[in-house]
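Protein chains in written order, with this note's numbering: chain A, 402 to 807; chain B, 402 to 807; chain C, 402 to 807; chain D, 1243 to 1354; chain E, 1243 to 1354; chain F, 1243 to 1354.
Bear in mind the hints are in silico, worked out from the structure with no lab data behind them.
For glycine and all other residues, C-beta sits at the position ideal for the given N, C-alpha and C.
Please note: incorrect hints may appear among the correct ones.
Okay, derived cross-link-like pairs now, DMTMM-like style, lysine to aspartate or glutamate, Cα gap no bigger than 25 Å in a straight line [as the list claims (entries may be wrong)]: (1) K1351(F) to E1339(F); (2) K1268(E) to D1257(E); (3) K1245(F) to E1274(E); (4) K1276(D) to D1352(E); (5) K1351(D) to E1310(D); (6) K1244(E) to E1292(D); (7) K1285(D) to D1256(E); (8) K1244(D) to E1274(F); (9) K1244(E) to D1352(E); (10) K1276(F) to E1247(D); (11) K1245(E) to E1339(D).
Some chain F residues near chain C, calculated using beta-carbon distances under 8 Å [unchecked claim]: (12) F1253; (13) L1255; (14) H1284; (15) K1285; (16) E1286.
Quick list of the computed label-pair ranges, beta carbon to beta carbon [unchecked claim]: (17) D1314(F) to K1351(E): 35 to 45 Å; (18) L587(C) to R1282(E): 22 to 32 Å; (19) G590(A) to G707(C): 48 to 58 Å.
Listed here are the chains, written in short residue letters.
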Amino acid sequence: MNTGDTAFVLISAALVMLMTPGLALFYGGMVRNKNVLGTIMHSFILLGIITLEWVLWGYSMSFGPDHGGIIGGLNWFGLNSVGMDPSADYGSTIPHMAFMIFQCMFAILTPALITGAFAERLKFTSFLLFAVLWATLVYNPLCHWVWGVGGWIGSMGALDFAGGTVVHISSGVSALAAALIIGKRLGYGSTAYIPHNLPMTITGAALLWFGWFGFNAGSALACNGLAASAFVVTHIASAVAALSWMFMEWLHRGKPTTLGAASGAVAGLVAITPGSGFVGPMSAIIIGGLGGAICYGGVLLKSRLGYDDSLDVVAIHGLGGTWGALATGLFASTRINPDGANGLFFGNPGQLWIQFVSVIATMVFAFVMTIIILKLIDLVMGLRVTEEEEVKGMDICLHNETGYSY
Amino acid sequence: MNTGDTAFVLISAALVMLMTPGLALFYGGMVRNKNVLGTIMHSFILLGIITLEWVLWGYSMSFGPDHGGIIGGLNWFGLNSVGMDPSADYGSTIPHMAFMIFQCMFAILTPALITGAFAERLKFTSFLLFAVLWATLVYNPLCHWVWGVGGWIGSMGALDFAGGTVVHISSGVSALAAALIIGKRLGYGSTAYIPHNLPMTITGAALLWFGWFGFNAGSALACNGLAASAFVVTHIASAVAALSWMFMEWLHRGKPTTLGAASGAVAGLVAITPGSGFVGPMSAIIIGGLGGAICYGGVLLKSRLGYDDSLDVVAIHGLGGTWGALATGLFASTRINPDGANGLFFGNPGQLWIQFVSVIATMVFAFVMTIIILKLIDLVMGLRVTEEEEVKGMDICLHNETGYSY
Amino acid sequence: MNTGDTAFVLISAALVMLMTPGLALFYGGMVRNKNVLGTIMHSFILLGIITLEWVLWGYSMSFGPDHGGIIGGLNWFGLNSVGMDPSADYGSTIPHMAFMIFQCMFAILTPALITGAFAERLKFTSFLLFAVLWATLVYNPLCHWVWGVGGWIGSMGALDFAGGTVVHISSGVSALAAALIIGKRLGYGSTAYIPHNLPMTITGAALLWFGWFGFNAGSALACNGLAASAFVVTHIASAVAALSWMFMEWLHRGKPTTLGAASGAVAGLVAITPGSGFVGPMSAIIIGGLGGAICYGGVLLKSRLGYDDSLDVVAIHGLGGTWGALATGLFASTRINPDGANGLFFGNPGQLWIQFVSVIATMVFAFVMTIIILKLIDLVMGLRVTEEEEVKGMDICLHNETGYSY
Amino acid sequence: MKKIEAIIKPFKLDDVKDGLSSLGVKGLTITEVKGFGRQRGHKEVYRGAEYQVDFISKIKVEIVLESELVADAVKVIQEKAHTGEIGDGKVFILSVEEVIRIRTGETGKDAI
Amino acid sequence: MKKIEAIIKPFKLDDVKDGLSSLGVKGLTITEVKGFGRQRGHKEVYRGAEYQVDFISKIKVEIVLESELVADAVKVIQEKAHTGEIGDGKVFILSVEEVIRIRTGETGKDAI
Amino acid sequence: MKKIEAIIKPFKLDDVKDGLSSLGVKGLTITEVKGFGRQRGHKEVYRGAEYQVDFISKIKVEIVLESELVADAVKVIQEKAHTGEIGDGKVFILSVEEVIRIRTGETGKDAI
Ligand SMILES: Nc1ncnc2c1ncn2[C@@H]1O[C@H](COP(=O)(O)OP(=O)(O)O)[C@@H](O)[C@H]1O
Ligand SMILES: Nc1ncnc2c1ncn2[C@@H]1O[C@H](COP(=O)(O)OP(=O)(O)O)[C@@H](O)[C@H]1O
Ligand SMILES: Nc1ncnc2c1ncn2[C@@H]1O[C@H](COP(=O)(O)OP(=O)(O)O)[C@@H](O)[C@H]1O
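Bound-form chain A, shown alone (with noise of 0.2 Å):
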């Protein structure tokens, strides 16, 4: 066991958490002020509900050993045998337990993500229900095929180094499902829904660039050169995203906008996540830079569409992590990481390919078990607040609360 290892795991398991509440206040600013508590619940409450999930029978799932590489078995239920010793399989050198915890707060990131596509009108009921039926039938399957031992996305080579299939695409196609099946907004395409505190969600979008360096960089479970590389790249393609849709916005619309930078940045988070570590900084360029103009037009795709996915989650981590898991299979280099194979751009054009399954197979998947879920609940206790709860806001009629009193 390596303490430098250890406190770099943890820390990045810390930075992790806060990106949750990053969320929430990144979300909890784009909606409208009568709404603002519910939306930020939503984030908040899943640390509550999928940390429990994740300790009784999430890990289990996800990382216990292997059933023909569809899932992990129950026999961690309850973390029984995660112990203070490092695991041989996941990070040699910190305690079995920092790992687990690790990855417990991915599990809570990811769900949290999809709640920007149904924002301000679900029913909370509903949304706990679908929270642990979501956690538990779609995410730890999908962790375990790519990250688990003897998972097939992973066997088949697939790289996926902090989440492009298992958290972003998973929760953009989710998100997807969701729009599609819980419907739009009352006064979509009539009401304007301006955001009503964007210093709320540019301190969100902050948050969250701050923690994703725990994201990427700790994914390497060690402290060392590559753990370097991948904070670096991180910090690179967000940083050329944000520029990136900063000037898209301001040649479509004629201004640059805050919203747009911090949009960017986000975007640009998420197309790096498969690659960081695998890429090297030249490459976060590209994949920074395509990644904010790409995810900028899926927003604009949006309206063209016609489904309302309330704050972006199909175009920003849907097709930003698309994006980034294809572009792993191009500039991935074995220079950077010996562990993991070059893509297209450094003689390996299987590695595309490779990609490529596991995207299509992340995408089918998600996407069918989220309109299954979504269904069964509508069945047995319907998906939307009434026409006036969602006209008078959820924070009143969910939750009893105002956000603001002056």
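Given chain A, work out where chains B, C, D, E and F with the ligands should sit, using these hints.
Then chains B, C, D, E and F with the ligands, alone, in the frame of chain A:
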């Protein structure tokens, strides 16, 4: 000396430092608009006052060479002989300075916790005096009793990993004393004291949660399996308590509130603090789950008993800390920490008794001393602002500022 | 390579990154409502611009192979040959990449500090151009002079642990130049520019304080006794300066203000920066105490001298940095850092002279260059927004957004 | 000249504004207000304590216009602000003695 | 019908509202306003600079009611909003020509 | 007695207030309002979507004063709030039937 351990403790110190501004936001959002700055200032200025106090005499009184188990000597006044080399007693692999500054952050946070009890009505000068006296006469001795080499509570074998008695019970019962002596806010019973900015409060709770990883895991003073374990149980207890408070309130009042979830998270963090280095994950679920429920009950009790503890310090820190200290006597296990002891459920009923004695001693000492200090200050300079100032608010009257100017 | 050192420097880099959004909040809360986003954007977008500049040519100009003590070569353009192995010169136990990204965060923060001087009136396009030119022509050379191997100020023996000259004096005098060239805000002298959101400002100050631990302690480039010592004196100076500014204002204006306490904390952090790796705790009390008082005085001076440095960059960073750099020449001690030097009070008057020279050189260079850059931009594209835009605010006019929509 | 003061539900503002615009109303002024009336407020819960909040957010629309237009304007408001549920609000009509446009100094009808 | 506009101290709002309710007033509308009057404002200090802020937060209460009730309502307001100190505020009475309830279309007395 | 309601540009408030003070006006009340008029609003852009925001921030100044002072007060407002550009605002004059000072119970002229 070990770089990984040192990195962990220094970063932990930074995290704990952030808890004080986190608390400022947690509390600041709960008061009325007109008192937001006054409330934030209570915490913020303690970063100034207590740091100075600690560096000059506080650290020496707390950790300096023991006198009869009661108090440390002034040999280390002004950090004399507190250097860059490890101390034999406090963290043998980290610079003595690192231990000192880590503990400094605890010394700051503890009186800051109390300020929730007398928010919206205390004179600022009286507050400053109170802070210095309380730190010197209550915190430093208590800290020595429990953590100082030779301190009588620690020598007795009481287990307090990160401050159940020293930090939470002491601040909780001092809060009760303060609420009783200082009296109710104007309009108590008729005015609705509605939080003016709940997103601020939730942001504060998130920063507390984040910082608490440093608080509890950092208390291992090294970065090993125990640190990882403390990190994990901290997270679990907080998560479960957030759920438990939320469900309690849902049952009792019909709606799940965000303030409830945030308050529960803090309650869980309090409850796990003393046992964080001694208990396992399943115990943490129970400690957190009951912690959330007990503290919720404590909040309800307040209105029954009729003292005006503005922001529920007694219920959350007093009650939560007491539960945590006793729970340590129930759930502690030498399988988690061989340097600890077993609790009742692991075959050692004696530990519960020791914990009980440590709780009672802390309560009596902190309560009596706080009353004496406040009575004294009242005599010398008064405690409360005038009625007119209370109506107009602390911000304008004490600080000549307003929080928001739109 | 050492994992503990690497973990410390990488996490420190993350902390320093957070200072830029922290500054955005610190500044954003102090401007009027209509300019909150424009002000935040100034800092935020620098995360984008300067990262790109740094990665492409900035790092190479600053730390690349020396040319005559004046500038680094472009050999490291695009991070060419900046890899995962340690560099011999910059942190021999950490990846070169880690040093590079740690320094990148400094390069971002420094121009962000300047933005306080011209808040509420600068054209955004002119700002972007200014940022790139200033980073390239002022920051990079200065950084090389002081910290680059072979740089003339460093070679002279000037002590600047974490950026008194490079970061604070350079930004402070550039701020003065900018305030003079760009001119006063409309209504200067008659309009009250009252901070629109002080809780935001205090949150920003807290994040700055938190991040500054990485800034100063991380500058040890290792996690040892010196890092711990730098951490400790940083905290002490900030704490004491918060008190000192508060008491000065209390004496002078009759009330202790929260903005004063927050400003003082920042002033203390500035003042201790150059000496943080060379002075002991008692010296830190003096440096912080006088730092707070001096910067408060500087703020008063502003209205006497009549330039409109909107958010007091000159007083806090210029004056505070100067005091800190000179104080290092007074209080430095080889007992704290054997690789440093003794100051006047430890028997080496020569050091004060060296510090003095480094201060003057920095001031003259930064002042003259900034004037040239701004005059040039003025010629090409103008500097200020129109009067109408200034009245309506930056947010609507430059970014087509509004901060808050209730 | 008359002044119409209409207290309406906030989410009806856009409809009302558009309706009045079509009618040829050139200017109006709105204020965020809180109303107390037949419509009951809501409960808020903070840490287990329940508070009855009686005041409900409303928008006050003020339009000064020529007397002849009042009937039509009121009709438009009534249509556009109508939901049929309690709390739809009120319209008050007051008399205005004079109107002056600051920019030009015009008065009376010309100033509206 | 008349309209009462009362400018009062914010912390007196609950008392005034309860007083008027007891009197049988069915509806009222409040607005957060700022007042300038005999009551002096306060000083604010930011970074050593002192600003005089002349405007003081007040609440404007508007009640439209039948003429016969005006005297009583004014009396209640005067009692409930009274502290005896400068800045207690003013009551203005204006004439209202017509009242319409949006929900039902009722007018006049019935609409109040 | 009359009531002047002036809708002005926010940054002209200090000038108007000072002008009225010099004239001997002892009290006034201001409200943050939003106006819709000839002056066009602004565009806002959020994630590539453009919104037209028609309402512009204005300040409503209300002054109750003796009828004889109205003309002068209006003149002052017109001068001080004038920029010559669209959106300078309007002044409305209404009749007030009674004024009561809450603190003293004075009525009429004495209460202003
Ligand atoms: N007499 C009144 N004077 C002033 N405002 C009133 C009066 N009656 C009602 N209002 C305003 O109209 C709003 C709606 O009235 P309410 O009684 O709730 O329902 P309805 O519109 O169906 O009569 C109230 O919230 C209040 O703002
Ligand atoms: N002539 C006036 N026109 C409009 N509002 C007024 C007038 N006089 C006073 N007010 C309002 O009444 C409030 C209280 O008035 P003030 O002169 O401070 O004290 P008092 O109520 O004791 O006379 C002011 O803040 C202002 O809002
Ligand atoms: N008929 C009206 N009724 C009520 N308010 C009006 C009316 N006309 C104008 N206003 C107010 O006056 C403001 C300025 O009017 P506007 O037409 O923009 O320019 P101008 O003052 O040059 O005529 C508007 O924003 C609105 O608040």
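Hints, verified against the model:
1. K1351(F) to E1339(F): holds, 11 Å
2. K1268(E) to D1257(E): holds, 15 Å
3. K1245(F) to E1274(E): holds, 19 Å
4. K1276(D) to D1352(E): Holds: K1276(D) and D1352(E) sit about 22 Å apart, inside 25 Å.
5. K1351(D) to E1310(D): holds, 11 Å
6. K1244(E) to E1292(D): violated, 36 Å
7. K1285(D) to D1256(E): holds, 16 Å
8. K1244(D) to E1274(F): It holds: about 22 Å lies between the C-alpha atoms, which stays within 25 Å.
9. K1244(E) to D1352(E): Roughly 14 Å between the alpha carbons, so the hint for K1244(E) and D1352(E) holds.
10. K1276(F) to E1247(D): Within the cut-off at roughly 14 Å; holds.
11. K1245(E) to E1339(D): holds, 17 Å
12. F1253: Hint holds; F1253(F) Cβ to chain C Cβ min 6 Å, cut 8 Å.
13. L1255: Since chain C brings no Cβ nearer than about 11 Å to L1255(F), farther than 8 Å, the hint is violated.
14. H1284: This hint holds: H1284(F) lies near chain C, its Cβ roughly 5 Å from the closest one there, short of 8 Å.
15. K1285: holds, 6 Å
16. E1286: holds, 5 Å
17. D1314(F) to K1351(E): 35 to 45 Å: holds, 39 Å
18. L587(C) to R1282(E): 22 to 32 Å: holds, 28 Å
19. G590(A) to G707(C): 48 to 58 Å: The hinted range 48 to 58 Å holds for G590(A) and G707(C), with Cβ atoms some 53 Å apart.
When held up to the earlier numbered hints, the structure conflicts with 6, 13 and fits the remainder.
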